[in-house]
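Peer 1: Residue strings, one per chain:
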Amino acid sequence: MTTVVTLFGVALVVFVVIRLAPGDPIAMMLPPGADAEDMARLRAAYGLDRSVPEQFLIWLGGVVRGDFGTSISLRQDVGALVLDRLPATLELALLALAIAVAIGTTLAVIGTLRRQRPAESAVDLWNGMTLSIPDFLWGLIFILLFGVVVPLFPVSGRISPALDPDYATGFLLVESLLRLDLRVTGDLLHHMALPALALALPLSAVIAQVLKQSLKEVMHLDYVTLARAKGYSEIAVLFREALRNAVLPTLTLVGVQFTFLIGGTVIVEKLFSYGGLGNLAIDAVINRDLPLIQGIVLLFAVLFIATNLIVDLAYAALNPRLRHG
Amino acid sequence: MSALLRIEGLNVSVGRGGPRLLRDVSLSVAAGETHGLVGESGAGKSMIGKAIAGVLPRGIAVRSGRILFDGQDLTALPRRARRRLVGERIAIIPQDPLTALNPCRRIGGQITDRLVHILGWDAGRARARAAELLDEVAIREPGRVMQAYPHEVSGGMRQRVLIAAAFAAEPALIIADEPTTALDVTVQRQVLRLIGELQARHGTALLFVTHDMGVVAKLCRSLSVLYAGKVVDQGPAARIFGPDPHPYARALIAATPRYDRPEESLMPVPEAVIAALDAEVAAADRDWTDG
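In order, the protein sequence lines correspond to chains A and B. Residue 103 in UniProt numbering is what sits at position 103 of the first sequence, and the numbering runs on without skipping anything. Residue 154 in UniProt numbering is what sits at position 154 of the second sequence, and the numbering runs on without skipping anything.
These are computed hints drawn from the structure, not numbers from a lab. Since the structure is predicted, the reported quantities are computational estimates derived from the model, not experimental observations. The beta carbon of each residue, even a glycine, is placed where N, CA and C say it ideally should be. Treat the hints with care, as some may be off.
Coverage of chain A stretches by chain B, computed from C-beta distances (three or more under 8 Å per stretch; other residues unrestricted) [claimed, not checked]:
| no. | region |
| --- | --- |
| 1 | 214-223 |
| 2 | 228-236 |
| 3 | 307-321 |
Using the sequences plus the hints, can you model the full thing?
Peer 2: Structural data, given as structure tokens:
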């Protein structure tokens, strides 16, 4: 129920705001010199001559029936367009999340085991740096370093055109792995590496800092001391006793940060010409493609809500005190 | 009689040259014997246990002295060897059963940990042993309790679980760090009796840390009285609880609640006694230089 209300709110705000923003989708469509009559005709064809509340109700009626309207600039069904691009963005975001968790956890563990030694200061310094540089700037840095100066990685697209496989789903990475089509997997990862890393770095710093703090607190608790007295080494104590308890406070934060990461895909995908939702969103905004913007924003809202739901479920799964509640 | 544990001139301090938490502590515990460590809060009782187990908090370290366990000096052993020796032969019964169990792990695993990971038993045998131990500490449904998480059982039951875990690997020495302080009075007596029974049955030496002179009188053959990290009196319980105790021990005994004679109990320690002890500690500090 809350979900429906949230989505309705998002839809309403976006619908109104993009109509208040300057720029006219019809003017963008027609060649310069089109006369007022042509514009009025086209406006009527897209229903843009009606009042905003009226337009909203018409659009909402469609959405309820699963019809998200037709893109003005691409002249295609918005629902199909958006769902077509979703897998690319999901795969990129999840890969970035996996990288962020791997880097963040490693740094947190190193910082905890070597606390109050130079290694911890190095970890803190690195975290401060990665956190203060935003994802799109990392993207630009990577393009310059690994795309131009030392061209190790492709800096554009999702897959090499020659390899583009004819798969049943848009989840190329997952499907190529399932089909053991490792040449495609490799090529996809090669393309995704830089954008995913750019998205992952700021999140990895957040994870590293919060998890390290939380681990340090847990490492002082009685049951951890008792585990040390049982003869475990410091590393074993950390992984067996402390990590799971320390992950809990981090998890909530990772959920919130992951929604930022999904937001970050918009610019990063554009930078790397990666064919996902974010790239589509920017084009839609540039073209004042109102129905497409609405569809994309609504989908992002669904993704955010789904993320929070998954975080809550994971939290309950990891914390026995929350079960059978 | 050779001692199982002998501590000689142990000094523990915060950082190098920082305040001393233990001042030239010496004591010995024979195999199968119970030695009491008594003193007020902050006297350093628990610190001795932590120093033996090698789990002193960060920044606090042994500066000098030896901790001889079964003839080996623990402070001189390499870290790994020490950890192994402590894991195999020394166990701790912690003070607070509510914080000493990992909230995210089932109870069974926390009992069998040491058996499986340090002694290398197979899981089935370790589980059978854990069930047996839970039975020994009078837990009725061992199978169910082993599957439970700590928050699902009572405080008294958690302390029994910790006692079972401590005895699991048949250690030669158990350090009981105020094991009853966090429990209510009715449960305290059961837990004490339980520790006493298990100790007698398994022939374990016990270093019993407490501030409760009443408990010491019941359990311990010998004891050390600590003040500000210094042993101010030491000897057989018969002498210390006898007609002519050390003034501080006498004061501690007088400070113990007595339900039968309330007007004579809960006496504060006389200031003259404190002053004499402080002078003694100050004199010890003058002679000591941080090596």
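Peer 1: Cut-off 8 Å, C-beta pairs, minimum 3 residues; does the coverage of the region 307-321 of chain A by chain B stand?
Peer 2: holds (count 4)
Peer 1: With a cut-off of 8 Å between beta carbons, are at least three residues of the region 228-236 of chain A near chain B?
Peer 2: Per the Cβ count (7), the hint holds.
Peer 1: Given as covered by chain B, does the region 214-223 of chain A meet the bar of three residues or more with CB within less than 8 Å?
Peer 2: holds (count 4)
Figure legend: structure checked against the earlier numbered hints; every hint is met.
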